[in-house]
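K.L.:
Top to bottom, those sequences are chains Y and B. Per the numbering used here, residue 1 is the first one in the first sequence, and the count goes up by one each step. Per the numbering used here, residue 496 is the first one in the second sequence, and the count goes up by one each step.
Check before you lean on any hint, since a few could be wrong.
Partner residues are not named here, just some residues of chain B that face chain Y (Cβ under 10 angstroms, in silico) [claimed, not checked]:
| no. | residue |
| --- | --- |
| 1 | E502 |
| 2 | L509 |
| 3 | S510 |
| 4 | L522 |
| 5 | Q525 |
| 6 | V539 |
| 7 | P576 |
| 8 | M580 |
By construction, these hints were calculated from the structure, which means they are not laboratory data. Just so we're clear, the structure is a prediction, and the values are computed from it rather than from any experiment. For each residue, glycine too, the CB sits at the ideal point set by N, CA and C.
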Amino acid sequence: MDELIRMTAAELSAAVTAGDVSAAEVTQAHLERIDAVDGRVRAFLHVAAEDALAQAREVDRKRAAGQPLGTLAGVPVAVKDLFTTVGAPTTCGSKILEGWYPPYESTITGRLRDADAILIGKTNMDEFAMGSSTENSGYGASHNPWDLAKVPGGSSGGSAAAVAAYEAPLALGTDTGGSIRQPASVCGIVGTKPTYGGSSRYGVVAFASSLDTPGPFGRNVLDTALLHEVMSGHDPLDSTSIDAPVPPVVAAARHGDVSGMRIGVVTDLSGAGYQPGVMTRFTEAVELLESLGAKVTELSCPHFRYALPAYYLIAPSECSSNLARFDGMRFGLRTGGGSAEEVMAQTRAAGFGTEVKRRIMLGTHALSSGYYDAYYGKAQQVRTLIIQDFEAAFSQVDVLVSPVTPTTAFRLGERADDPMAMYLADLCTIPANLAGNAAISVPCGLADEDEMPVGLQVMAPPLADDRLYRVAAAVEAAFNARLGHPLLTESKGLS
Amino acid sequence: MPITRDEVAHLARLSRLALSDAELDHLAPQLDQIISAVAQVQEVAADGIPPTTHATGLANVFRDDEPVACLTPEQALSGAPAVEMQRFKVPRILVEE
Numbered sequence: 001m002d003e004l005i006r007m008t009a010a011e012l013s014a015a016v017t018a019g020d021v022s023a024a025e026v027t028q029a030h031l032e033r034i035d036a037v038d039g040r041v042r043a044f045l046h047v048a049a050e051d052a053l054a055q056a057r058e059v060d061r062k063r064a065a066g067q068p069l070g071t072l073a074g075v076p077v078a079v080k081d082l083f084t085t086v087g088a089p090t091t092c093g094s095k096i097l098e099g100w101y102p103p104y105e106s107t108i109t110g111r112l113r114d115a116d117a118i119l120i121g122k123t124n125m126d127e128f129a130m131g132s133s134t135e136n137s138g139y140g141a142s143h144n145p146w147d148l149a150k151v152p153g154g155s156s157g158g159s160a161a162a163v164a165a166y167e168a169p170l171a172l173g174t175d176t177g178g179s180i181r182q183p184a185s186v187c188g189i190v191g192t193k194p195t196y197g198g199s200s201r202y203g204v205v206a207f208a209s210s211l212d213t214p215g216p217f218g219r220n221v222l223d224t225a226l227l228h229e230v231m232s233g234h235d236p237l238d239s240t241s242i243d244a245p246v247p248p249v250v251a252a253a254r255h256g257d258v259s260g261m262r263i264g265v266v267t268d269l270s271g272a273g274y275q276p277g278v279m280t281r282f283t284e285a286v287e288l289l290e291s292l293g294a295k296v297t298e299l300s301c302p303h304f305r306y307a308l309p310a311y312y313l314i315a316p317s318e319c320s321s322n323l324a325r326f327d328g329m330r331f332g333l334r335t336g337g338g339s340a341e342e343v344m345a346q347t348r349a350a351g352f353g354t355e356v357k358r359r360i361m362l363g364t365h366a367l368s369s370g371y372y373d374a375y376y377g378k379a380q381q382v383r384t385l386i387i388q389d390f391e392a393a394f395s396q397v398d399v400l401v402s403p404v405t406p407t408t409a410f411r412l413g414e415r416a417d418d419p420m421a422m423y424l425a426d427l428c429t430i431p432a433n434l435a436g437n438a439a440i441s442v443p444c445g446l447a448d449e450d451e452m453p454v455g456l457q458v459m460a461p462p463l464a465d466d467r468l469y470r471v472a473a474a475v476e477a478a479f480n481a482r483l484g485h486p487l488l489t490e491s492k493g494l495s
Numbered sequence: 496m497p498i499t500r501d502e503v504a505h506l507a508r509l510s511r512l513a514l515s516d517a518e519l520d521h522l523a524p525q526l527d528q529i530i531s532a533v534a535q536v537q538e539v540a541a542d543g544i545p546p547t548t549h550a551t552g553l554a555n556v557f558r559d560d561e562p563v564a565c566l567t568p569e570q571a572l573s574g575a576p577a578v579e580m581q582r583f584k585v586p587r588i589l590v591e592e
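Whole structure, please, built from the sequences with the hints as guidance.
P.N.:
Spelled out as structure tokens, the structure:
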């Protein structure tokens, strides 16, 4: 069984398709792993044991009947608990949705089912995807498999922890300000924020609609690309979905070659507040890319310093509007007495956690008359300037690189009631969300101070997601060659 | 511009959040700190810069007006806190004077 959980998604799918192992055996092995370690990691809010085995038996039946199998045949995938899934609860990490069973399926989980993947369970997250540690979950925090006293990042921390703990080879997350890349970075795995509109938001419970981007996690670059390809593509049910071919991410992941590629180092994403060990590994990764034949230049994106404040006006504004639907009238929690309006206010006070309340009120303030121009309106102009910074940069280079997050995983509780300190975790990831670009986090070593993983962020223009995988595959291959094994095998938190 | 506890209480009412006094005491200084930090956007000389609401530049998206399958009433009501006669049952919304 231990052998099955260590296999890559690509290997598992090939083995299931060839009949070397059944999907049921693969699923059973991962369910046993979850049983063995998830009491400590707490990555899952719901383990769909029986349903997953039923899905697996159906894959095995199709194979026995000689029917063709999908790209992810028999591969378990952990799903962030904000994708609606028929037959499994969907809580968004919130008490206001405790016990809610969605009546419809998200486009992306539907595509995974069509690709014969096994949806093995729903993962923990910061409530409504607001946070960088999973500590804002209404159901308790998840733990970093490298060091259980530390956060797995967030908001998609449960998904990242599940993959890093070998509970699933792949996972789905969403990235609104860094919620895939930051947890991938601090858990030592790969995570991608696709181009905005490249992956469907239908059935993804909304936080900030102009920023929310579903994306993949994997333990290696190729697996991540396989999930990226399966989940992506135009969806008529999402009006912001881009009607264009999916960038050739899998082909790029198989050909990690950066010779002649122009790579720009964003000088604005460094300096005070960055952990020395993070900067050391980042600088080494840049030198590595240069040694592999990339042409590296430094450049400045002067408005990136305003990305964080602009984000903390735009995202809360959109959230204050989106979360108005949680009113206790049609679904979810209803509590309190009196008029409908009184019941709404009591339900929302009881069902939402502190960070969600903070952001709803912040957004309500930023959108209120008298403040709109100074806050929300100004933030939207800053968004334009950040897009212009990216356009200027991409006229000179093919991709940009930076650290993913200024520090390695911090200790549980360390920033829990200090919102401004927590928000800094997204300093480097937010610009790509504001501009709708594609970006990836790929492991680039351990920080000397604490032996915790560091990620390299690669950013590409919209619909050039394949460039991310070219660079990430080259970095991964060079590191694996240097270490003699994948970085993740050095994780000792669960041993 | 600092934000007072009274203003935060007003925001809570606008947001339909029945916060306790303890929560207001806790959140008011934090919101003030966050709002002063995000006010940095006002330093940027952005006169004449068009706002961006959405990164892809897509305008309105239309589809053909064709009937498609939708949720049944039972599915639509499946998560409702209270149901009566195939409808969402809610507390009274009008108050008699």
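K.L.:
All hints are to be evaluated individually against the structure, with a verdict given for each.
P.N.:
Against the structure, the hints:
1. Given the 10 angstroms rule on beta carbons, the hint for B:E502 holds: about 8 angstroms separates it from the nearest Cβ of chain Y.
2. With 10 angstroms as the threshold, the beta carbon of B:L509 comes within range of chain Y, its nearest partner Cβ sitting at about 5 angstroms, so the hint holds.
3. The closest approach between the C-beta of B:S510 and any C-beta of chain Y is roughly 5 angstroms, which is under the 10 angstroms cut-off, so the hint is satisfied.
4. Proximity of B:L522 to chain Y holds as hinted, the smallest CB-CB distance being about 6 angstroms (cut-off 10 angstroms).
5. The beta carbon of B:Q525 comes within 6 angstroms of a beta carbon in chain Y, closer than 10 angstroms, and the hint placing it at the interface holds.
6. A hinted interface residue such as B:V539 counts as satisfied when its beta carbon comes closer than 10 angstroms to some beta carbon of chain Y; here the least separation is about 6 angstroms, so the hint holds.
7. Evaluation of the B:P576 hint against chain Y yields a held restraint, the C-beta minimum of about 4 angstroms falling below 10 angstroms.
8. Because the closest C-beta pair between B:M580 and chain Y is about 15 angstroms apart, greater than 10 angstroms, the hint is violated.
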